[in-house]
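Chemist: When you get a sec, could you build the whole thing from the sequences and use the hints?
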Amino acid sequence: MRMEHKALYMESLRHYCPELPLLEVEAIESGQNNDVLLVNAQWIFRFPKYAEGIHRLRYEVGLLNTVKERVSIPVPAPAKWNHQSDRVGSVFVGYPKIPGEPLLDGQWRELESAGVPTVRGIARQLAAFLNELHSVPADALGESGPEYDGYREWSELFERIRAKLYPHMNREAQRWTERHFVGFLGNGSNFRITTVLVHGDFGGSNILYDPGRRKISGILDFGSSGPGDPAVDYAGLLASYGEPFLRYMIELDPDIEGLLERVKFYQGTFALQEALFGLENDDPQAFRDGIEAYK
Numbered sequence: 001m002r003m004e005h006k007a008l009y010m011e012s013l014r015h016y017c018p019e020l021p022l023l024e025v026e027a028i029e030s031g032q033n034n035d036v037l038l039v040n041a042q043w044i045f046r047f048p049k050y051a052e053g054i055h056r057l058r059y060e061v062g063l064l065n066t067v068k069e070r071v072s073i074p075v076p077a078p079a080k081w082n083h084q085s086d087r088v089g090s091v092f093v094g095y096p097k098i099p100g101e102p103l104l105d106g107q108w109r110e111l112e113s114a115g116v117p118t119v120r121g122i123a124r125q126l127a128a129f130l131n132e133l134h135s136v137p138a139d140a141l142g143e144s145g146p147e148y149d150g151y152r153e154w155s156e157l158f159e160r161i162r163a164k165l166y167p168h169m170n171r172e173a174q175r176w177t178e179r180h181f182v183g184f185l186g187n188g189s190n191f192r193i194t195t196v197l198v199h200g201d202f203g204g205s206n207i208l209y210d211p212g213r214r215k216i217s218g219i220l221d222f223g224s225s226g227p228g229d230p231a232v233d234y235a236g237l238l239a240s241y242g243e244p245f246l247r248y249m250i251e252l253d254p255d256i257e258g259l260l261e262r263v264k265f266y267q268g269t270f271a272l273q274e275a276l277f278g279l280e281n282d283d284p285q286a287f288r289d290g291i292e293a294y295k
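Residue numbers (UniProt numbering): 1 to 295.
Since the hints were derived computationally from the structure, they do not count as laboratory data. Be aware that a few hints might be false.
Unchecked claim - Derived pair list, reagent style DSSO-like, types lysine-lysine, alpha-carbon separation capped at 27 angstroms:
1. Lys80 x Lys68
2. Lys68 x Lys97
3. Lys295 x Lys264
4. Lys215 x Lys97
5. Lys6 x Lys97
6. Lys164 x Lys49
7. Lys215 x Lys295
8. Lys97 x Lys164
9. Lys97 x Lys49
10. Lys164 x Lys215
11. Lys49 x Lys68
12. Lys164 x Lys68
13. Lys97 x Lys80
14. Lys68 x Lys295
15. Lys6 x Lys164
Modeler: Structure (structure tokens):
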């Protein structure tokens, strides 16, 4: 996060949250769509980096206020926000910090070393959470969110990958990508689905873990949430923790088995999506990370 951006964000907080003393302000993350500040070690504030993220943030605040009452794992509870402006830097949402650490490689290895019962316990928590989230009725969200047209969304993504990423990919990677997308888009059953409310970015960086209790303590970042295919959330878990973990979840919810073909398709697009985001949003690191396996 650039220093001038942090200064602008602090100015906005002083203006819109005068009751909050800015004793300690730490830039903790600069994700694809938001910059994130930790204030006084107690408050998380997310600022959209792009104009198109402002409408998403307004939708997300309403969504979180609905979802937080319906799920068994804590999610961000918006308590301070300004989303009346259309100016990047002045729009934000703030919520009390949820304790825990992202369940990424280091924490995951520690968890696995604790044994199968512990891993099954995590699978049980996450399976219950996704069942609860996917059961939230669309009309409970109030403000209408983005509509989901799976065929249009994935065919448009494929065309952007062809146009923008193929020049950076080796020939075999191009052929693999053609097979991956053409096979998926050519199967109409992939789009005759019942859409549900999905998280949309359900990977390790957004799943908080309490190493003392060895339990999930929170789920973060609903910026990609909206109507969609439930398989996309299981794809995030497959990408983060592998197929054996997904098998534990299938034991708890056998209906996931019927989603596996789509789960594996979505999981196979994640690196390409990261590379495309980097190219389209001038984020060289995201582009390098995503394209590495396809060069």
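Chemist: For each hint, tell me whether it holds in the structure or not.
Modeler: Verification of the supplied hints:
no.	hint	in the structure
1	Lys80 x Lys68	holds, 16 angstroms
2	Lys68 x Lys97	holds, 14 angstroms
3	Lys295 x Lys264	holds, 22 angstroms
4	Lys215 x Lys97	holds, 17 angstroms
5	Lys6 x Lys97	holds, 19 angstroms
6	Lys164 x Lys49	holds, 23 angstroms
7	Lys215 x Lys295	violated, 39 angstroms
8	Lys97 x Lys164	violated, 38 angstroms
9	Lys97 x Lys49	holds, 21 angstroms
10	Lys164 x Lys215	violated, 41 angstroms
11	Lys49 x Lys68	holds, 25 angstroms
12	Lys164 x Lys68	violated, 39 angstroms
13	Lys97 x Lys80	holds, 12 angstroms
14	Lys68 x Lys295	violated, 42 angstroms
15	Lys6 x Lys164	violated, 32 angstroms
Hint compliance for this structure: hints 7, 8, 10, 12, 14, 15 are not met, and every other hint is.
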